[in-house]
Each structure stands twice: as structure tokens, then as C-alpha cells.
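K.L.:
All chains should be built: construct the whole structure from the sequences, respecting the hints.
So the protein lines, in turn, are chains W and G.
One point on numbering: in the working numbering, the residue at position 20 of the first sequence is 20, and numbering is uninterrupted.
One point on numbering: in the working numbering, the residue at position 209 of the second sequence is 209, and numbering is uninterrupted.
Treat each hint with caution, since some may be false.
As the list claims (entries may be wrong) - Only pairs whose alpha carbons sit at most 20 Å apart, straight line, appear in this in silico PhoX-like list of lysine-lysine:
#1 W:K222 - G:K20
#2 G:K197 - G:K122
#3 W:K122 - G:K20
#4 W:K222 - W:K205
#5 W:K122 - W:K222
#6 W:K122 - W:K205
In short, the hints are calculated from the structure, not lab data.
Since this is a predicted model, take the numbers as computed values, not measurements.
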Amino acid sequence: MRMMSRISRFLRHNAVAYMFLTPWLLGFFVLTLYPMIYSLLLSFTDYDFTMPGSTQWIGLGNYMKMFGSVFGVSEFTASTGELMRVDPYYLKSLSVTFTYVFVSVPLKLVFALAVAMLLNQKLRWVPFYRAVYYIPTLLGGSVAIAVLWRKLFEKDGLVNGFLGAIGFTDLPGWITNPNYALRTLVLLTVWQFGSSMIIFLAGLKQIPQEFYEAANVDGANKVQQFFAITIPLLSPVIMFNLIMQMIGAFQAFTQAYIIGGGRGGVLNSTLFYTLHLYIQGWTYHEMGYASAMAWVLLLIIGVLTAIVFRSSKWWVSYGVGE
Amino acid sequence: MRVDALKPSRDTLTADRNRKLLRSITYHVFIGVVGFVMLYPILWLVGSSFKGPDEIWTNTAALIPQTFYFENYANGWAGYGGVSFATFFKNSIIYAGLGTIIQVTASAVVAFGFARVQFTGKSFWFAVMMLTLMLPIQVQIIPQYIVFSRLGWLNTFLPLLLPRFGGSAFFIFMIIQFIRGIPIELDEAAQIDGCGKVGIFFRIILPQLQPAVITAAIFAFYWTWDDFLAPLIYLNNPNLYTVSVALRSFADPAAATDWGAIFAMASLSLVPVFVVFVAFQRYLVEGIATTGLHGS
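P.N.:
Have a look at this one:
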């Protein structure tokens with residue numbers, strides 16, 4: 001009875017709130033939590049979408065399939081007694097993705113900050129310039145721009161046309177050359193620095209002008225002011241941008257899919273993690289294995305985000321000048 | 001006379017003004033040139049969509065065609081496999097339009113619950129919601145796909161639209177931040193007048209929420225318009241393709257030949273997003289800035 005009255009009191013106090021929360025809670029349980037548990041379980045099976053009836057529990061088989069080559073294994077016997085082959089492309093997709101994330105995200109943030117500092121002035125034209133620099137971000141995520149990019153960077157594309165006109169010879173096909181294909185994707189990503197730029201710009205506006213005036217009086221030059229005032233006061237915004245861009249970059253898919261023509265490009269040089277996962281799950285119907293890949297991706301993003309948060313006490317300053 | 005002596009001479013004044021002018025010109029030229037280089041690919045795409053087959057790969061670098069060749073648009077609009085871009089645009093408008101309305105409405109309701117109603121477990125659920133921001137869609141989409149296919153929902157818009165009734169953590173967070181800026185005294189006054197939470201939401205908060213809702217709607221619209229993975233997975237019938245999936249097939253490297261038509265449809269696919277941007281630019285910029293800053 002006491003239990004019942006407790007429940008009814010809880011309901012009386014919270015019914016209204018949970019009514020407002022219902023859409024999200026339903027979505028969370030039905031479309032997030034349940035699928036997460038489901039995919040974690042799938043990751044320990046050999047679930048094939050076309051033959052769900054023959055699904056077997058294979059323990060860590062899928063994880064071995066991913067990382068077997070680290071231990072110098074190319075084939076192994078699963079717990080079912082079946083012979084499984086290690087995925088020869090998994091580590092490649094991992095390294096492509098890490099390279100992409102660790103090159104494109106810092107470059108993007110550097111450009112975003114540089115342009116934000118240039119635009120941090122009280123001029124009538126600034127809103128127009130800000131819009132111009134934001135347009136690539138606005139449109140860049142589309143299939144249309146990815147298709148355009150593929151065309152611009154092909155062997156006889158516009159980019160080589162320009163480079164040829166200013167005297168370069170022996171130009172490669174940037175998309176078809178495995179040494180350069182990933183760089184075109186990095187460039188495409190860095191080009192879209194607009195969101196980070198706008199966030200930096202808003203952050204820069206919050207730094208009191210008096211700080212710079214005081215530094216001027218003390219004889220600090222612009223570079224010293226940048227490292228002593230701008231960077232520390234902007235560090236919370238830098239962290240926010242870093243985390244958001246990093247999480248986004250690990251999940252990049254559309255651009256790689258289009259530029260690689262639905263595959264990983266020449267010699268898998270643009271085989272993004274998400275693309276490899278899509279191919280395993282939907283081209284080969286290996287959804288057990290794809291689920292295991294998804295969970296490793298979640299772990300990677302979680303660990304890296306945690307590292308950035310943990311490291312923040314060394315480089316992010318809060319409340320200075322408040 | 002003594003006052004005059006303290007004034008800088010006319011020469012230094014002019015020199016100073018000249019230096020300022022020069023700096024200002026350098027600044028605008030630099031920003032302008034870099035901006036032009038950044039926009040060049042997009043301008044080139046649009047320019048090339050008007051170039052005839054004889055011009056497109058000969059007068060390559062030009063942004064403005066010698067003769068405007070509008071047939072590219074007619075040829076592109078005809079689509080492929082007997083399905084025209086009218087169908088693809090219709091599908092994209094259904095997905096982006098309904099998807100946006102559902103997602104933003106749900107997000108506003110949930111945001112009010114978090115921002116203005118006290119309840120047990122609030123900070124727990126808020127933390128859970130923020131954590132879901134980090135989740136890659138890949139951990140959910142495989143089971144979702146399996147379940148939706150068992151329900152017979154492949155090749156329908158249900159798997160694309162239904163999840164949006166849960167709102168989006170990103171927009172919920174954005175709207176919460178906005179509601180926190182609305183004076184709580186308004187709620188209290190309404191409460192004294194006998195208004196319940198539901199009444200407060202509809203009469204007090206919702207009318208003031210317009211800027212946040214518009215910002216969320218713009219983002220929802222353009223992310224949905226550009227969405228590729230979900231339509232690629234769930235819609236395998238060309239009659240259901242959205243513009244992004246259709247463009248992918250239309251520009252397939254193995255088959256593509258009529259690049260004028262491809263560029264025309266690619267340009268056209270950017271128009272809705274661009275128009276929304278021009279119309280609501282102010283909301284967009286403020287939205288990005290406030291969400292980012294409050295988040296830090």
C-alpha cells in the first residue's frame with residue numbers, strides 16, 4: 001500500500017512534466033535505447049539480413065574479424081566451429097578515418113578562427129562577408145557539391161586547368177590517385193568552416209576590449225595578445241567547436257560515398273569508417289558485423305570526447321574576466 | 001595660438017588618413033578576393049549549368065556562358081528511368097517539409113518540459129539527452145532497419161518521418177537555452193491567474209518562441225533536405241527517391257554523360273536551401289552563435 005501511495009504521489013507531482021517529455025522519452029526508449037541493446041547483441045552474432053533464420057552466436061568473432069590482423073591472424077575458427085576470415089579492409093578504413101579527422105578538424109578550426117578574427121570588426125560590410133563565408137558550409141553537405149567536387153578534381157578538371165595555366169605539368173587526377181584522393185575530401189571539409197567561424201565570432205565579441213587596451217599600454221604586441229588574451233578567453237569555445245567537429249567528422253559519409261562512387265575509391269584510399277560499415281551492412285547484408293563496427297565507432301568517439309573533456313582542465317579557462 | 005600648436009599639423013593628419021584608407025582598402029580587397037575564391041566552385045557550377053554541350057568543356061573556367069543554354073534544365077528535369085525531377089523534388093519536399101514540422105514541434109514541447117517544469121529525475125534525463133548528441137547514428141540504424149523492414153515499411157516514408165516525433169536532442173537543447181532567457185515572472189503571473197503548465201506553454205512561452213523555432217526549423221529543413229544515408233537505405237524505388245539520392249544516380253560516374261543536365265539539376269537542388277538562408281539569415285547566424293556559446 002505504501003508503495004502504491006508513493007507511486008501515485010510521484011505521478012501527481014510529475015505527470016505534467018512527463019507529459020511534455022513523452023515524445024522524447026518514447027523516441028529515446030523505442031528508437032535509441034532498444035536499438036542500441038539490439039545492435040550490441042547483434043554484434044556478437046553472424047546475423048545476415050537475407051538469412052536471419054540461420055543466425056548464430058559467435059561471441060567475439062566479429063571483433064576478431066576487425067582486429068585479427070593486429071595479431072597477425074588472417075583466419076580463425078569462430079565459437080561455432082566455422083572458419084572466419086579477418087576483414088582485410090577494416091584497419092585501412094580506421095586509418096583513413098583517423099587521418100581524415102585529425103587533419104581536417106584542426107585545419108578547419110584554424111581557418112575558422114583566422115577568418116573570425118578578420119571579421120571581428122564593427123564594419124557595415126561584416127554581415128555580408130560573414131554570409132559569403134558561410135555559404136560553402138550551407139551548401140557543402142549536399143550531394144550536388146560532392147558531385148561537383150569529383151568533377152573539379154578529376155584529371156582534366158577545372159583545378160588542373162588552372163594549375164596547368166600557371167605552369168604546372170604532370171598533374172595527377174586528384175580523385176583517382178590514391179595519394180591525393182583523401183586530401184580532396186579534407187579540402188572539401190575545411191572549406192566548410194562557416195559554423196565554427198560564426199561561433200568563434202560570437203565568442204570574440206564577448207572578450208572585453210579593455211583587455212587589449214591594457215595589454216597595449218603594457219607594450220604587448222599582437223602575437224603576445226593573441227596567446228595571452230584571445231586564446232585563453234576563447235578556450236571554452238575552442239573546446240566546444242573541437243568536440244562538435246570531431247564527432248561530426250567521425251560520422252562523415254555522404255561526401256566519401258559520392259567521391260568514391262559508392263565504394264572506397266582507388267585502393268580504398270577514401271574508405272571512411274561509416275562507408276565501410278554501410279557496405280558491410282547493406283551491400284553484403286552482414287549486419288551482425290556492421291553492428292560490431294558501429295559499437296567500436298561509438299567507443300572511439302566516446303573515448304576521444306572524454307579525453308578532450310578531461311584535458312580541458314589543462315587548457316580551458318573559465319570565468320576569466322567575468 | 002597655443003592650442004593650435006598642440007594640434008597635429010595638416011600633413012600628419014592627411015598621412016594618417018591615407019594610411020587608414022590604404023589599410024581599409026587592403027582589408028576589403030583581401031576579404032573580397034578570398035571570399036570570391038571560396039564561392040568560385042559554386043558560382044562555376046551554376047554558370048556551367050547554362051553552358052551548351054559545345055561550350056561546357058571548352059570555355060571551362062568562365063563563370064558566365066557565351067550563350068545561355070536553357071535546354072540543360074529541360075533535359076535534366078526529364079530525369080532518368082522514366083521518373084522526372086518533379087517526382088524527386090516532390091519527395092524531398094514531403095520529407096524535408098513534414099520532417100521539419102514534426103521534429104521542431106516535438107522539440108519545442110520537450111524543451112518546455114525541461115526548461116519550465118520541475119520534476120523528479122530532471123537532471124538525469126537532461127544528461128541522458130545530452131549524451132545522445134554524441135551517439136553515431138550507426139548504432140541505432142541497423143536494428144531500426146531490421147524492425148522497419150519486418151513491419152513492411154521499406155520503400156515508404158514512415159522510417160524517415162516516424163523517428164522525428166521524438167524531437168532532436170540538438171534542437172531541444174537549443175530551445176531550452178532560449179526559454180531560459182524568457183523571464184520566469186511571466187510564468188508566475190500566469191500561474192497566479194490560474195494558468196496550468198499547458199496553458200503557460202501555449203499562451204506565454206510559445207508566442208515568444210518564434211525566433212528559436214524558426215532557427216531550429218531552418219536547420220532541420222536543410223539537414224533533412226541534404227540527408228542522404230536514411231533515404232539511401234530506406235527508399236529503393238526511383239519513384240520515392242529524394243533529390244539527393246536521385247542526383248547520386250543521375251551523376252553516376254559509370255553512366256553520366258550529359259554534364260550540362262547534371263549541373264542544372266545539381267544547381268536546382270541547392271536553390272531551396274539557399275532561398276531559406278537568404279530569407280532567414282539573421283535567425284541562422286544568431287542560432288549558431290547562441291547555441292554554441294551557451295553550450296560552452
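K.L.:
Now, for every hint given, state plainly whether the structure supports it.
P.N.:
Tested hints:
no., hint, verdict
1, W:K222 - G:K20, "holds (18 Å)"
2, G:K197 - G:K122, "holds (16 Å)"
3, W:K122 - G:K20, "holds (15 Å)"
4, W:K222 - W:K205, "holds (17 Å)"
5, W:K122 - W:K222, "holds (19 Å)"
6, W:K122 - W:K205, "holds (10 Å)"
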